[in-house]
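If you want the building blocks of each chain, they are given just below.
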Amino acid sequence: MKTPAIRVRGLDVAFGARKVMDGLDLDIRRGEVLGFVGASGAGKSVLTRTILGLQPKQAGVIEVDGRDLDKLTAQERGRVERGWGVLFQQGALFSSLTVRQNIEAPMREHLDISPALRAELAMLKLRLVGLPPDAAAKFPSELSGGMIKRAALARALALDPGVLFLDEPTSGLDPISAGEFDALIATLQATLGLTVFMVTHDLDSLYAICDRVAVLGQGRVIAIGAIAELLQSEEPWIREYFHGPRGAGRGAPAKRRMQAS
Amino acid sequence: MSETPSADIVAETGATRVAYGGQWTIEAGGRLEIVARRVDDLTDAGEAVLDLSRLDGLDTAGAWVISRSRDRLEESGRGGRIVGARPEHATLLREAAYAPVDPGPATHRGAASLLGDMGESVYLAGRDLVAGLDFIGRIVVVALKGALRPRRWRLTSVAFHLEHMGLRGAPLILMINFFVGAIIAQQGVIQLSRFGASSLTVNLVAILTLRELGVMLTAIMVAGRSGSAITAELGAMNMREEIDALRVMALDPLEALALPRLIALIVALPLLTFLGDIAALTGGMLVTWGYGGVNPHAFWGELQYPISVTRFLSGLGKAPFMALVIGVIATMEGFAVQGSAESLGRRVTASVVKSIFSIIVLDGLFAMFYAAVNV
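As given, the protein sequences belong to chains G and P, one line each in that order.
Sequential numbering of the first sequence, starting at 1, is according to our numbering.
Sequential numbering of the second sequence, starting at 1, is according to our numbering.
Don't read these hints as lab results, they were simulated from the structure.
Think of the CB as a built atom: it goes at the ideal place given N, C-alpha and C, for glycine as much as any other residue.
Treat the hints loosely; a few may be bogus.
[Claimed, not checked] Which stretches of chain G does chain P cover? Using the computed rule of at least three CB atoms under 8 Å from a CB of chain P, they are: (1) 167-174; (2) 190-197; (3) 226-235.
[As the list claims (entries may be wrong)] Far from chain P, by Cβ distances over 12 Å, these chain G residues were calculated: (4) G66; (5) T73; (6) R79; (7) R82; (8) L111; (9) D112; (10) P133; (11) E142; (12) L157; (13) P161.
[As the list claims (entries may be wrong)] Derived CB-CB ranges, DEER-like: (14) A159(P) <-> A183(G): 38 to 44 Å; (15) G78(G) <-> V248(P): 42 to 48 Å; (16) A159(P) <-> R108(G): 29 to 35 Å; (17) L167(P) <-> G41(G): 36 to 42 Å; (18) V248(P) <-> G41(G): 24 to 30 Å; (19) G78(G) <-> Q338(P): 53 to 59 Å; (20) V122(P) <-> G78(G): 27 to 33 Å; (21) Q338(P) <-> S171(G): 23 to 29 Å.
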């Protein structure tokens, strides 16, 4: 089997005496869309932040393309991080920059391309995420929630990352916008060959675009697999999650995909 | 991965083949543009064919510049057919196809706009003054309404702000005033001794600190320390819709947020000024002792001549007005913060700058007033 894009082994993360991650193992395969679910407060965001290096870990190994992140020099690590795009839950767009300047920001810092090409590529990203060209000159405070998510996605794509981290990409969007956003991620993933790690609570997203779903509980991954496999799971929390009042009444994933297209 | 992008131009019979190779990805940066421009400027005879069969890697940036070359060649009738693209590259070329980008209106800034900016800032300064008076009026109304309902008094909030603005600010105020008092005394002793009048140093220190410097320095420090904090606090609350949340609970942000801070400032600043005065006199006393040989006992004795109760109160009496100015400016700027972090920074700066400026102007007005009434 090929080396996974990201491999996490024996991860321990604690806040004081409270252990959030307890020997967590996880593989993110290259080119897949991995959904990540878990109860609120179970530490989904903590795991994302730990992989991204925003949260210190007490023990464990995180490997990217088979290389241990802890053993990389600052320069190598910088190069690995340039291959990542992150969509934060609230967008985290720089509020004092316009949308176009936001998308150009990572390019400006890391690349020696001409301002003209930088502007062109920013407009291309804007088109890829389905924003109209006139959104480029707007400030984040002038955008709606859905547009902020799209603009933030455009910024995450600025350096053509191989791996895309999405933290609750469809939260706060209406079902139609959420569906469109799912479709957008699926299209981009297919076009750009992305590996996508998606923390989500949106069952529709899980059914529509995730190749595999990982379930977090008690500080580790308690189940991982295609959604059809998880539906068969006997684990009480997973049963409740997928067969509870909000999960019930959903068709098979294949059928839903047909309806969507 | 380190293969640089290349485009070999091969002349064939009746056509020119451009053979792309290497990694056409954004990692290559400026190299992409240099190589792509060579293709754009192709002037060789015959139709140009873009051959992607030996291309190793492609991303949206590479696809964009390659399709841009194709469009430019096509436009000038030099061909530009793409051949040999792998399916995934073809998808990228389709999704990230070149389209002309409108660079947006250029912004011209000349002498005229400089004059315009000046006029605008004068106009805005005038409007600020009117808005400030309006704000004071509204605060007074809110305060009077609140005064009739003791159950609505926010004593906890006032006490909290009093602690932060007053108690925790005291060490800084004491230190600054102590040193300024000492410096004035030192210069007084040195300069006045040439006239044999070094004993007048006591008068100098006493009048200068009690009437002008004590209150002014304290007010400036409070503007920098507490005024900025008020603006930043209210501004951040404004950005996160907390102030809107108060409004929809039928609470007046002026009453809930501005008034307790204003009251705390108006109480704290005279107290701090008093402490500052004592500190400045102490500093002056130690220096006149060390430099001028005036012992503390003589110093305190001498103090009684220049200091009258009116003179002492004339300084202290300015403090509440300065506090009001600081508080009004700080809360107004705080409520005016808009969505961006930059706006917050600008408002906090404006709050401190305007406060300090107003404190000095106010002090000048008081000097004229006191002169007119012979204090």
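Checked hints:
1. 167-174: Contact hint for the region 167-174 of chain G vs chain P: violated, 0 residues under 8 Å.
2. 190-197: With 4 residues close enough to chain P, the hint holds.
3. 226-235: Per the Cβ count (0), the hint is violated.
4. G66: holds, 14 Å
5. T73: At about 17 Å from chain P, T73(G) clears the 12 Å cut-off, so the statement holds.
6. R79: R79(G) is in fact no farther than 12 Å from some Cβ atom of chain P, at 9 Å.
7. R82: violated, 8 Å
8. L111: violated, 4 Å
9. D112: violated, 5 Å
10. P133: violated, 7 Å
11. E142: About 8 Å separates E142(G) from the closest Cβ of chain P, which leaves it inside 12 Å; violated.
12. L157: violated, 8 Å
13. P161: P161(G) not clear of chain P: closest Cβ-Cβ about 9 Å, inside 12 Å.
14. A159(P) <-> A183(G): 38 to 44 Å: With Cβ atoms ~56 Å apart, the hint is violated.
15. G78(G) <-> V248(P): 42 to 48 Å: Taking Cβ atoms as reference, G78(G) and V248(P) lie about 46 Å apart, which means the hint holds.
16. A159(P) <-> R108(G): 29 to 35 Å: violated, 49 Å
17. L167(P) <-> G41(G): 36 to 42 Å: holds, 38 Å
18. V248(P) <-> G41(G): 24 to 30 Å: holds, 28 Å
19. G78(G) <-> Q338(P): 53 to 59 Å: Given about 34 Å between the Cβ atoms, the range is violated.
20. V122(P) <-> G78(G): 27 to 33 Å: violated, 49 Å
21. Q338(P) <-> S171(G): 23 to 29 Å: holds, 25 Å
Hint compliance for this structure: hints 1, 3, 6, 7, 8, 9, 10, 11, 12, 13, 14, 16, 19 and 20 are not met, and every other hint is.
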